[in-house]
Structure formats: C-alpha cells, structure tokens
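K.L.:
Residue-level listing of the chains:
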Amino acid sequence: MLGILVVSHGNLAQEFVDVASRILGEPDGGVTPVCIPWELESSAAKEKIRKALKKVQEESEGVLILTDLFGGTPTNLAMTLYQPGKVEILTGMNLPMLIKAILTRKAGTPLAEAVALLREKGQGAIVSVSEVMSPEGGEEG
Amino acid sequence: MIRKEVTVCNRLGLHARAAAKLVQIANQFQAQVSLTTNQMCADAKSILGVLTLAAAKDTPLIIEVDGPDEAEALSQIEHLIQDRFGEGE
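As they're listed, the protein sequences go chains A and B.
Counting from 1, position 104 in the first sequence corresponds to residue 104 in the numbering used here; the numbering is continuous, with no gaps.
Counting from 1, position 49 in the second sequence corresponds to residue 49 in the numbering used here; the numbering is continuous, with no gaps.
Derived by calculation from the structure, the hints in this document are not laboratory data.
Careful, some of the hints might be misleading.
30 Å max Cα-Cα, derived DSSO-like pairs, lysine-lysine [stated by the list, open to error]:
{"#": "1", "chain 1": "B", "residue 1": "K45", "chain 2": "B", "residue 2": "K4"}
{"#": "2", "chain 1": "B", "residue 1": "K57", "chain 2": "B", "residue 2": "K21"}
{"#": "3", "chain 1": "B", "residue 1": "K57", "chain 2": "A", "residue 2": "K86"}
{"#": "4", "chain 1": "B", "residue 1": "K21", "chain 2": "B", "residue 2": "K45"}
{"#": "5", "chain 1": "A", "residue 1": "K106", "chain 2": "B", "residue 2": "K45"}
{"#": "6", "chain 1": "A", "residue 1": "K46", "chain 2": "B", "residue 2": "K57"}
Covered stretches of chain B (chain A as the covering partner; in silico rule of three or more C-beta atoms under 8 Å from a C-beta of chain A) [unchecked claim]:
{"#": "7", "stretch": "48-55"}
{"#": "8", "stretch": "60-68"}
All values reported here derive from a predicted model rather than from experimental measurement.
Glycine included, each C-beta is placed from N, C-alpha and C at the ideal position.
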C-alpha cells in the first residue's frame, strides 16, 4: 500500500489532513503531514521532509508526496527527494485531490496509477459555479 | 435494476461528511449505485462524484441500484438519507 506525505508552507498540510480525516470519518495512519514553518532554515526543512519520507517509506510500497505550490520552497525541497517510480510528487494539491488520494491508498492502487488518477481528479474537481448553475447544467464529475 | 426517488431532507444537504457516509455504504455492496438529480448523475461510490451533485435540502434524488445485492443497498442508502445522515436536523 502506498504512503502519502503532505508537504506545505505553514500549517496548511496539518489542516488539510485534519479536514480530510474529519470528512472521511477517521484518520489514516498512512498519511503524514509535514508542515514547513516560515522561519525554518531550508536545510532543516529538507531534513524534516527527508525524515518523514524515510519513516513513511519503511511502512509503504511507494510514496506519493502532495505539495501545495509548484515553485515554492516545500515543493522545491521535496523535489530533491524525488525517486522515479518510488517517490512521486504532485503539486498544487487541493482537498478533493487529498480525499481521493486517501481513498486510492486504501484501495491499494499502485503509485504510478495513483499519480495519473489524482492529477485528473484534482483538476476535474475545480468547478466554476456559474457553469453548474447555468440552464444547460453541468457534466458528471 | 431497482430505483427509488427520495428527497434530501437534512438541513445541510448532501455536504462533504454526508456524502462520505453515503459513499461508504454504497461501497459495501457489489451492486452499482447511481444518484441522479434533475441536473446530473453521479456514481454513488465516488465521493467527488457525489459532491458534484451539490444536492441541497429538498432536492429530489433518484437512487438507481443494479446488482445481486441491490435491494439491501437501496434500503440502507434510503434509510441513511431519510435519517438525515444521522445529523438530527
């Protein structure tokens, strides 16, 4: 089963994981938030991510790292730990993506398949309300 | 295949936690389950799909169930919705 690391600026990762757990009804031990405080020096931040990754790797088959913002420090640091096929990274996470990631993990989906699926679902879950509310209606998500 | 129309009767409608409960129940069955409003249709086993229905209170919802355990699946889903997802209001 794959492991999930959620890496973000500030406390966002913890909040994302807490909210997803609340919605799904229970916490998932295979999902680990890694919050990077604003004041944390980058080598210490990288070490924090590396340690969390190591722990998750010991308990998982493949690790998916979800990060908040492509080009931001948390993502840039996570990218230094990228291992094709073993540690994959998806940036620009959103709550639907994280919820789907947790369900995908529970379903035992392999890493490569999960990355493609979550990218598609995360993007597809961005909805313009004006399109949904138009007389033509929306499409199935 | 069996179908039944129910009305979303809890105050908050088919919101995230309610959708999660419904999807959890739907996934316990082999049968395929779909939910249809007057605007769209969603797979009841997909939480993101169910959330796209944006079904507020008083929305009529058609539950369609197809499979060997369809009767029990329909019964449990119908009960969950009529029980206001256990929310009490």
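K.L.:
None of the hints should be skipped; say for each whether it holds.
P.N.:
Hint check results:
1. K45(B) - K4(B): Holds, at roughly 17 Å.
2. K57(B) - K21(B): With Cα atoms ~17 Å apart, K57(B) and K21(B) stay inside 30 Å; holds.
3. K57(B) - K86(A): Not OK: K57(B) and K86(A) at ~45 Å, beyond 30 Å, violated.
4. K21(B) - K45(B): holds, 10 Å
5. K106(A) - K45(B): holds, 14 Å
6. K46(A) - K57(B): violated, 47 Å
7. 48-55: holds (count 5)
8. 60-68: Our answer is that it is violated, as 0 residues pass the Cβ test (under 8 Å) against chain A, missing three.
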